[in-house]
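Here is what each chain is made of, one letter per residue.
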Amino acid sequence: MNTRFEETILSLLDTGAEHADILSQFQGVEKEDARTILRMIEGLEAVEGPRPSTQVLAKAIAKASVTQGNPIRSMIVEQRTNTFSAYIRSFITYCTMQKNIAIGAGGVLALALVIGTAGYFFSTTGQDIIIDDLAFNEETLEQDVADLDAFALDDMDVEADMATLADFSSTPFARSDDLDSIDTALNTAFEEFESDSSDIDSFQGGDDEVDQDLRTIS
Amino acid sequence: MLSYMKQITYILTPLVLLGMLVVASPAQASSLRPNISVDTTVQADANALSGRSESAVELRARLDVEKRERDTRREEMEDARTEYEDTRQEYKDERGAFLDIRTRWNTATGEEKHALRADVTVRAKAFLDKSVATLVTKLNRIKAWVQNHPRISDEVEAEVTIKIDAEIAAIEGAVTSLESESTTLEEIQAMSARVRSRLATYHETVQEIIGKMKDSRIEHAQTKLLDIATQIEARIVYYTDLGVDLDSEREHLARVKAQVDAAGTAEEIRASFHAMQEVIAELKASVKASAEAQAEIQ
Chain A
1 MNTRFEETIL SLLDTGAEHA DILSQFQGVE KEDARTILRM IEGLEAVEGP
51 RPSTQVLAKA IAKASVTQGN PIRSMIVEQR TNTFSAYIRS FITYCTMQKN
101 IAIGAGGVLA LALVIGTAGY FFSTTGQDII IDDLAFNEET LEQDVADLDA
151 FALDDMDVEA DMATLADFSS TPFARSDDLD SIDTALNTAF EEFESDSSDI
201 DSFQGGDDEV DQDLRTIS
Chain B
1 MLSYMKQITY ILTPLVLLGM LVVASPAQAS SLRPNISVDT TVQADANALS
51 GRSESAVELR ARLDVEKRER DTRREEMEDA RTEYEDTRQE YKDERGAFLD
101 IRTRWNTATG EEKHALRADV TVRAKAFLDK SVATLVTKLN RIKAWVQNHP
151 RISDEVEAEV TIKIDAEIAA IEGAVTSLES ESTTLEEIQA MSARVRSRLA
201 TYHETVQEII GKMKDSRIEH AQTKLLDIAT QIEARIVYYT DLGVDLDSER
251 EHLARVKAQV DAAGTAEEIR ASFHAMQEVI AELKASVKAS AEAQAEIQ
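Protein sequence lines correspond, in order, to chains A and B.
Residues 1 to 218 (UniProt numbering) make up the first sequence, in order.
Residues 1 to 298 (UniProt numbering) make up the second sequence, in order.
FYI, nobody ran anything at the bench for these hints, they're computed from the structure.
Glycine included, every Cβ here is placed at the ideal spot set by N, Cα and C.
Derived SDA-like pairs (lysine to any residue); straight-line CA-CA distance at most 20 Å:
1. K212(B) with I200(A)
2. K163(B) with Q204(A)
3. K214(B) with R81(B)
4. K284(B) with L179(A)
Some chain B residues flagged as far from chain A (calculated, every beta-carbon gap over 12 Å):
5. A108
6. E111
7. E179
Whenever a hint applies, use it, and build me the whole structure from the sequences.
Spelled out as structure tokens, the structure:
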């Protein structure tokens, strides 16, 4: 965890930013950083462990969003209901999280093959074949979706997430952790005050003897 | 058939290369990273809620710049402190060397005393030079602290900077001919007297500046404490709406706010901090007790 995130989080907490606001500022960060950020500002044990799954992180984020009634929750639901974009995102997520260049390159190669072949037929035969019919017909799309679903969505359990959300929403004291953040901000301010006091005190003295010493030159 | 294969190869080769570039590009790889927390819709919603308009990428870029600025500021403060401490040590060394030769000179007579005069002059000049440098580097250290400190107001910074620059100019102006090799011992003594005559004003200026820094520190702490009090009030309203009885905490907080307002010394500020910590502790305890009581009912 780099100190930049720590400083940012502390700074945002310091200014009274809500947790959901803080989370939203870290969109797109690395998975490990996201886990640490959540642990820092939410204290969630759920994100502990060497390799938390995406599902665990998503649940943690959902919990965090519910505490503030933030639209992050609705986004998560929306992301899962928006099937096609979710599948594509999941595929990209899978490739990049696994850092599997071979899968990424294979996907690009397959796409290039489809487009190239379509372009060839379109340009050489002059027949009225449109690319959509070749590359994106309904049957192919369904097959693609099924294939992606088989390996990319195994950790995106919508029902479980919704159950977690519902359970957490029923807790009336979900914001009690906010008091800890205020406490932390207070302690930080106190430490800054003492640090400043120490610095200012250090400016006292150190030159008192100059007057007496200079008399020796006379 | 062979010509078809060639045409296909011509079509596919640039596409494949383009695809490989997309996958291998760090910028693209970054943009393809899993969006663990929110998508752009929610980012926009969150920004709208918080009044922010910058994207996460812009935010990160800004935070990077701010961090570099903070690091630079810390380095400038540290450099000024180091320069002052080094100069102080050189001053002590020169003082020891001057007092040593001065003692020998005072006890010498005739030719020996005459022979020592040139050395005394050199050592007196170096000693006076380091005396002035000590005063100047101390002022520069204070100026660097004020100019780079995040919790000093612009007004105090501007005021202190003007005072310090004026004081430095006055002290350095008292020793204008110190650099000359032909400066005599009598001229050094005269410059030393001018520096000494300026010291009373110098000490007053330093104390005045330190007083302003202390006041600024207290004002900042008061602002911070009242800001935290506002956050606590918001939580009290929230929990009160949930049915938690927090009248005692609300009254306690009101008393602490009055205490913060009235604080004028460092000790009173420290007491205010501790009082605010007590309020939070009481609030936590009440909320926890209420939650446990509700859990038992359920």
